[in-house]
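> From first to last, the protein sequence lines are chains A and B.
Numbering-wise (the UniProt record's numbering), the first sequence opens with residue 1 and increments by one.
Numbering-wise (the UniProt record's numbering), the second sequence opens with residue 1 and increments by one.
Calculated directly from the structure, the hints in this document are not laboratory data.
In this text, a Cβ means the ideal position worked out from N, Cα and C, and glycines have one as well.
Among the hints, a few may not be true.
[Claimed, not checked] Derived pair list, reagent style DSSO-like, types lysine-lysine, alpha-carbon separation capped at 30 Å:
id, chain 1, residue 1, chain 2, residue 2
1, A, LYS101, A, LYS196
2, B, LYS126, B, LYS101
3, B, LYS76, B, LYS126
4, B, LYS101, B, LYS195
5, A, LYS16, B, LYS16
6, A, LYS16, B, LYS35
7, A, LYS101, A, LYS126
8, A, LYS35, A, LYS16
9, B, LYS196, B, LYS101
10, B, LYS126, A, LYS35
11, A, LYS76, A, LYS126
12, B, LYS35, A, LYS35
13, B, LYS101, B, LYS76
14, A, LYS126, B, LYS35
15, A, LYS101, A, LYS76
16, B, LYS16, A, LYS35
17, A, LYS195, A, LYS101
18, B, LYS16, B, LYS35
[Said to hold, decoys possible] With the Cβ distance kept under 7 Å, some of the chain B side facing chain A (calculated, not the full set):
id, residue
19, ASP6
20, ILE7
21, LEU17
22, HIS31
23, ILE33
24, ARG36
25, PHE40
26, LEU43
27, HIS48
28, ALA51
Protein chains: 2
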Amino acid sequence: MSSTRDIDALIEMMAKLPGLGPRSARRAVLHLIRKRAQLFTPLADLMHTVAASARECLNCANVGTSDICDICASEKRANGQLCVVEDVADLWAMERAGVFKGRYHVLGGTLSALDAIGPDELRIPKLVDRVTTEDITEVILALNATVDGQTTAHYIADQLEDRVTLTSLAQGVPIGGELDYLDDGTITAALNARKKL
Amino acid sequence: MSSTRDIDALIEMMAKLPGLGPRSARRAVLHLIRKRAQLFTPLADLMHTVAASARECLNCANVGTSDICDICASEKRANGQLCVVEDVADLWAMERAGVFKGRYHVLGGTLSALDAIGPDELRIPKLVDRVTTEDITEVILALNATVDGQTTAHYIADQLEDRVTLTSLAQGVPIGGELDYLDDGTITAALNARKKL
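Looking at chain A on its own, in the form it has when it is part of the complex (with noise of 0.2 Å):
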């Protein structure tokens, strides 16, 4: 190779990221070469920092720069409802729309038989001790409309009954959505929960 070994070894470690293969990881690294002032300097610093300073909330399994994550620490986001999911990347998905006003609980996968992901393994005990402890009122499922994740909602649902309020997700027909772009299932779905105008 052209490149000398330092450089290579960032193109194969680049070429890791999810999203990323080799060679938009070329084409990424000579443009941060180019832009060695305005991105490539900063960018490095900042991945030392957040390197340095990320961590999962004790609490909910946020991703943050504390041990207790901003929504945890907020006492305005106390209002009893906790809203349950998959990913850290849902948490973000859901408070980019702004519009739920609790807390969460990270479940870090979903059940799955096939990969013997048992509820020990998610941080499910961890669920039914907030639930226990903490002042929740109602229980928001909001795992993906996959069947590991119908599965996974469906088990939460049997150990929490009875202590709280358990709700889901509706589903439908995606705003902005085109029925003939849609799957039967959405479709389906959709009409059983069809609504009085």
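Take the given structure of chain A and dock chain B to it, following the hints.
The following block gives chain B in isolation, referenced to the frame of chain A:
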């Protein structure tokens, strides 16, 4: 946002890389935080190293970690052939093919009337200079088969004719290519340049 300021800033900066958008930058940052020891810290370290050491070769404009790149420094590569490419990425592509044993000259783009890029914006004067001072017998124009690339090739040919043998990459059907999927221009070029079996 639930994630704290540094993490948000890192996502925003990563989203500026070519090939990444806001969504894939978020995925990449979450992936990095999860693989802190194996990936995140080593990547940040390597970025610092490369940001500090990467530079353009003063001779050919290849990217490396010294003022004169490995190819220009190697006596073995001084075989009288000089391959002219638009971009460092093209140089790397040629090197991956591993078949060219001479040296390179990176133009840094193509002539473009629309973008007001003339010969002096590119490294064409330096190319003429190298042909005069170095012991070069053949200049291989490996420019992209685009309108701008071919315009640039013709301009360089005008500057250098009589001084040196000029060649260009062959145009035709790519290896593994299916006629049905090729554009008309490629088929025309391949037919015009047909050769005896």
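> Now look at each hint and say whether the structure bears it out.
These are the hints, each one checked on the structure:
no.	hint	verdict
1	A/LYS101 - A/LYS196	holds, 27 Å
2	B/LYS126 - B/LYS101	holds, 21 Å
3	B/LYS76 - B/LYS126	holds, 22 Å
4	B/LYS101 - B/LYS195	holds, 25 Å
5	A/LYS16 - B/LYS16	holds, 18 Å
6	A/LYS16 - B/LYS35	holds, 11 Å
7	A/LYS101 - A/LYS126	holds, 21 Å
8	A/LYS35 - A/LYS16	holds, 22 Å
9	B/LYS196 - B/LYS101	holds, 27 Å
10	B/LYS126 - A/LYS35	holds, 23 Å
11	A/LYS76 - A/LYS126	holds, 22 Å
12	B/LYS35 - A/LYS35	holds, 27 Å
13	B/LYS101 - B/LYS76	holds, 8 Å
14	A/LYS126 - B/LYS35	holds, 23 Å
15	A/LYS101 - A/LYS76	holds, 8 Å
16	B/LYS16 - A/LYS35	holds, 11 Å
17	A/LYS195 - A/LYS101	holds, 25 Å
18	B/LYS16 - B/LYS35	holds, 22 Å
19	ASP6	holds, 5 Å
20	ILE7	holds, 6 Å
21	LEU17	holds, 4 Å
22	HIS31	holds, 5 Å
23	ILE33	holds, 5 Å
24	ARG36	holds, 6 Å
25	PHE40	holds, 4 Å
26	LEU43	holds, 5 Å
27	HIS48	holds, 5 Å
28	ALA51	holds, 4 Å
Checked against the numbered hints listed earlier, the structure breaks none of them; every hint is satisfied.
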